[in-house]
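When you get a sec, could you build the whole thing from the sequences and use the hints?
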Amino acid sequence: MPAKATVGSASIADLVAQIHAAPHMVVYEFAGAGSLALLWLHSVGGSSRTILEATDHYANASTSDALGHDPEQFVSAPVAAGLAQHAYQRAQRLAAGTVPVVGIGCSAAISTDYVKRGAHRCAVAVCTRTGITHYACVFRKGTRSRAQEEDLVSRIVLRALAEACGLPAPVVPRLNRSEPLLVESQPATDALDQFLQSATDTLSVYPDGHMAPNETHSGVCLLSGSFNPLHDGHVRLLQVAAHTLHRPALFELPVINAEKGLLNYAVLQRRLSQFKRPWRVALTHLPLFEDKAAAFPNSVLVIGYDTAVRLLETRFYSGSAARMRVALDKVRGHGCSFLVAGRLWQNEFRTLRDIALPAGYADLFTELPEAQFRVDTSSTMLRATRA
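Take the sequence shown: its position 330, counted from the start at 1, is 330 in our numbering, and no numbers get skipped.
The reader is advised that the hints may include incorrect statements.
Restraint-style ranges between C-beta atoms, simulated for each label pair [claimed, not checked]:
1) Ser185 to Asp354: 58 to 64 Å
2) His231 to Gln73: 29 to 35 Å
3) Asp201 to Asp354: 34 to 40 Å
Straight-line distance between alpha carbons at most 25 Å, and here's what the computed DMTMM-like set of lysine to aspartate or glutamate pairs gives [stated by the list, open to error]:
4) Lys141 to Asp193
5) Lys276 to Asp232
6) Lys276 to Glu53
7) Lys276 to Asp56
8) Lys276 to Glu179
9) Lys141 to Glu72
Since the hints were derived computationally from the structure, they do not count as laboratory data.
Treat the numbers as computed from the prediction; the structure is a model and nothing was measured.
For each residue, glycine too, the CB sits at the ideal point set by N, CA and C.
Set out below in structure tokens:
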């Protein structure tokens, strides 16, 4: 369908140009129909300002993989919403908090080279930070060609995107009176927003953008940090530690730090965008290691020399050595221990052997030998270089 085709009173080209001029960026996931919408978006210059990623989940297995389960019906509002939420989470990671993002999901069944038993229909959903908007339409069967039904589905998708960008909604033409376009909105269920509002204790973030609240992670190799920025030293440290200990690897990003305060939504999006496959990240509200041990029982907490030094400084325990010992006892009580990597510190490479451990707690700390891991890069150095 050429870009000069009309949608209501505005041409598709004009509408797409307005979408490209808006600040929003989109991830689009569709199954069954809706490919023309992507063609139209790319047929007008400026699509790189709008499109982050698009995926055609044509096989049912691909749709199930994106949703994380096999749906009862593949063409339905829940499937469109699931694809939209998956797309939104991908958009959050890819845009890294720099612009408003939109996730669009479309599931459709249209005319093909055999007679389908079910209705020809589409379900489209748009996910933004403010909520999800559903669009649904059942077409009169046998009155249009496949190309015509594809055209209708794609127009609905384009209308949905335009509305998400705050543009006047064009009227979708060529629908009969017996084919109403149903539109319904739901309030936000942004997993990241919910987490930051402390509605969930933890949020697991997977490489494909999927987010799962309050998952249990036990017996892992956990590397916690602010990751500002994430660098090769972090990645190699967790790789070596997990391989040495034969445990699954997990990064932890606490949104509140004992010294640095609370991360906001945009900053957190940027931090998360750094993590690529195969790394999982657990977001928590846990700045203290005793609390991390409770949330990740029977795990090994991987730390650097400098963190080990701070861990044993009484200033973090209101000046009380007794409180420090209580905190270490809690770590031990949850079956956790520390693996300490050496670090270049004040022009010397220092290791666990350079730390005076409190009596009775040496068993909580194990040294990761320099021969197995040494990287002298630090986030502080990288930030200074960029300044």
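Cross-check of the supplied hints:
Range check, Ser185 to Asp354: Cβ separation about 59 Å, and the 58 to 64 Å hint holds. In this structure the hint that His231 and Gln73 lie 29 to 35 Å apart at CB is violated, the actual value being about 46 Å. A beta carbon spacing of about 36 Å between Asp201 and Asp354 agrees with the range 34 to 40 Å that was offered as a hint. A distance of roughly 42 Å separates the Cα atoms of Lys141 and Asp193; the hinted pair therefore is violated under the 25 Å criterion.
A hinted pair counts as satisfied when its Cα atoms are at most 25 Å apart, and Lys276 with Asp232 qualifies at roughly 12 Å. As the CA atoms of Lys276 and Glu53 are separated by approximately 16 Å, the hinted pair is consistent with the 25 Å bound. Of the pairs offered as hints, the one joining Lys276 and Asp56 holds, with about 22 Å between alpha carbons and a cut-off of 25 Å not exceeded. A C-alpha spacing of about 44 Å is found between Lys276 and Glu179, which places the hinted pair above 25 Å, so the restraint is violated.
Restraint check for Lys141 and Glu72: satisfied, since their Cα atoms lie roughly 22 Å apart, inside the 25 Å limit.
The structure does not agree with the numbered hints 2, 4 and 8 stated previously, though it agrees with the rest.
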